[in-house]
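*Asks:* Listed below are the residues making up each chain.
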Amino acid sequence: MEIETGEVALFVSTKKGFWCLRGDADRRSWSVEGPDFLGHIVNHTLLDPRDRHTLLVAARTGHLGPTIFRSSDRGKSWQEASQPPAFPKQEGGRAVHHVFCLQPGHASQPGVWYAGTSPEGLFRSEDGGDTWAPVSGLHDHPRYPDWTVLEEGDGTPDGPIRGLPSDQAWYTVLRQAMSTDAHDPLGVYLGVTCGEVWASIDEGEAWSCVASHLPFVLAVEAAELG
Amino acid sequence: MTVWIPQPLFSYTKRQQKVEAEGSTLAELIEDLDRQYRGIRFRIVDEQDRLRPHVKCFVNREQAKCLDLPLAATDEVHICQALSGG
Chain Z
92 MEIETGEVAL FVSTKKGFWC LRGDADRRSW SVEGPDFLGH IVNHTLLDPR DRHTLLVAAR
152 TGHLGPTIFR SSDRGKSWQE ASQPPAFPKQ EGGRAVHHVF CLQPGHASQP GVWYAGTSPE
212 GLFRSEDGGD TWAPVSGLHD HPRYPDWTVL EEGDGTPDGP IRGLPSDQAW YTVLRQAMST
272 DAHDPLGVYL GVTCGEVWAS IDEGEAWSCV ASHLPFVLAV EAAELG
Chain C
42 MTVWIPQPLF SYTKRQQKVE AEGSTLAELI EDLDRQYRGI RFRIVDEQDR LRPHVKCFVN
102 REQAKCLDLP LAATDEVHIC QALSGG
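Protein chains in written order, with the working numbering: chain Z, 92 to 317; chain C, 42 to 127.
It is worth saying that the hints were derived from the structure and are not from the lab. Just so you know, these numbers come straight off a predicted model, no measurement behind them. Be a bit skeptical, because a hint or two may be false.
Cut-off 25 Å, straight-line C-alpha distance, at most; resulting in silico cross-link-like pairs (DSS-like, lysine-lysine) [unchecked claim]:
| no. | chain 1 | residue 1 | chain 2 | residue 2 |
| --- | --- | --- | --- | --- |
| 1 | Z | Lys180 | C | Lys97 |
| 2 | Z | Lys180 | C | Lys106 |
| 3 | C | Lys106 | C | Lys59 |
| 4 | Z | Lys106 | Z | Lys167 |
| 5 | C | Lys55 | Z | Lys107 |
| 6 | Z | Lys106 | C | Lys97 |
| 7 | C | Lys59 | C | Lys97 |
| 8 | Z | Lys167 | C | Lys55 |
| 9 | C | Lys106 | Z | Lys107 |
| 10 | C | Lys97 | C | Lys55 |
| 11 | Z | Lys107 | Z | Lys167 |
Chain Z is nowhere near these chain C residues, computed Cβ spacing over 12 Å in every case [said to hold, decoys possible]:
| no. | residue |
| --- | --- |
| 12 | Trp45 |
| 13 | Lys55 |
| 14 | Arg56 |
| 15 | Gln58 |
| 16 | Glu61 |
| 17 | Ala62 |
| 18 | Glu63 |
| 19 | Gly64 |
| 20 | Thr66 |
| 21 | Glu69 |
| 22 | Asp87 |
| 23 | Pro94 |
| 24 | Ala113 |
Note that beta-carbon positions come from the ideal geometry of N, C-alpha and C, so glycine has one too.
In isolation and in its complexed conformation, chain Z is listed as follows (with noise of 0.2 Å):
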C-alpha cells in the first residue's frame, strides 16, 4: 500500500486486516487496496498529521496479543514496535488486550504518540511508536482503582455499571472515548462510563475529573474553537 501526496484516503480497520480507499481527485471514486496485515484485528490506524508520512496501526496479532505497527514510508513498508504498550510487572498484574485508540501528540513533539488501551491504560511513545511506557500520572492516579477494579455482578450488558468498561465494551464504546488537544503542552482527555471526563493539560502527568454524573460516555472530541 502506498499513499500519494495530495490524496484522500481512507483508512479502514478491521477485525481481519487493514484496507485503504483511496480517492479520486473529485473523491466520486475509490480504489480498494490491501489487505496489509491480514488475519489480525486492527483496532486503529493512523497518519501522523505532524509530518503526513508516518502511520501507526493498533493491531491484535489473532491470539498473539497486541502491538504496534509502524511505518515511516506511508504504508510501504512496516516495522513491529520493538517494545508495545505493556503494564509492568506485578503480582496479580494485568496485560494489555488491545489499543483501541492512537493520538499523536503536539506538534511541536514529532514522535510523540499515545495509544489507549484495554484493559484500561494510557502509553505513551516519545521514539515514533517504536517502545512505549505506562503514563505513570494516570496509572498512578489515586481514583485509578476505582475505574479499573470490577465487583463481581456489577455488570451490564454494555460494560460495568462503574468504571471503565470491560472488556468487549470498548469496542462498543470507549473507542471514540479519548481525545487530544493542538495546545502546549498538549491535553489528553478520557471519556469513563461512569459518566466522568476527565482532563489532562500537561502530557498526562496530573489528571482532573472536569464533569461528572454524566450518562455512560460514547465518544469525547476536542474542538478548537476559533
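Here the structure of chain Z is known, so what remains is to put chain C in place on it, guided by the hints.
*Replies:* For chain C alone, kept in the frame of chain Z given last:
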C-alpha cells in the same frame, strides 16, 4: 533443542517452522528464542509472564503446565496456537 514454531509466528523466524534454541527451563528457552528472533516472546508470553490464553507449549508431546518446566537438551518443544473465533 528443536523448537517447532506455529505458522502465525513465521514472520519472526524468517519463515522457519523448526528452529534451535537453548534453555534449562521453558521460560529460558523462550528467552533464547527472543534473543534470536526479537519480539517473539511477547507473542507467546504476556507482560505478567503468563502464557497467552490460546498458546500452548508441548514438551515431547506433553503439554507444559508452567514456564518453570525443566528442559533437557534432547527435548523437542512444540509451540502451538489455537484456531478459534470468526
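*Asks:* It remains to establish, for every hint, whether it holds in the given structure.
*Replies:* Hints, verified against the model:
no.	hint	result
1	Z/Lys180 - C/Lys97	21 Å, holds
2	Z/Lys180 - C/Lys106	20 Å, holds
3	C/Lys106 - C/Lys59	22 Å, holds
4	Z/Lys106 - Z/Lys167	21 Å, holds
5	C/Lys55 - Z/Lys107	23 Å, holds
6	Z/Lys106 - C/Lys97	23 Å, holds
7	C/Lys59 - C/Lys97	16 Å, holds
8	Z/Lys167 - C/Lys55	19 Å, holds
9	C/Lys106 - Z/Lys107	31 Å, violated
10	C/Lys97 - C/Lys55	21 Å, holds
11	Z/Lys107 - Z/Lys167	20 Å, holds
12	Trp45	16 Å, holds
13	Lys55	14 Å, holds
14	Arg56	16 Å, holds
15	Gln58	16 Å, holds
16	Glu61	22 Å, holds
17	Ala62	18 Å, holds
18	Glu63	23 Å, holds
19	Gly64	19 Å, holds
20	Thr66	18 Å, holds
21	Glu69	17 Å, holds
22	Asp87	4 Å, violated
23	Pro94	7 Å, violated
24	Ala113	27 Å, holds
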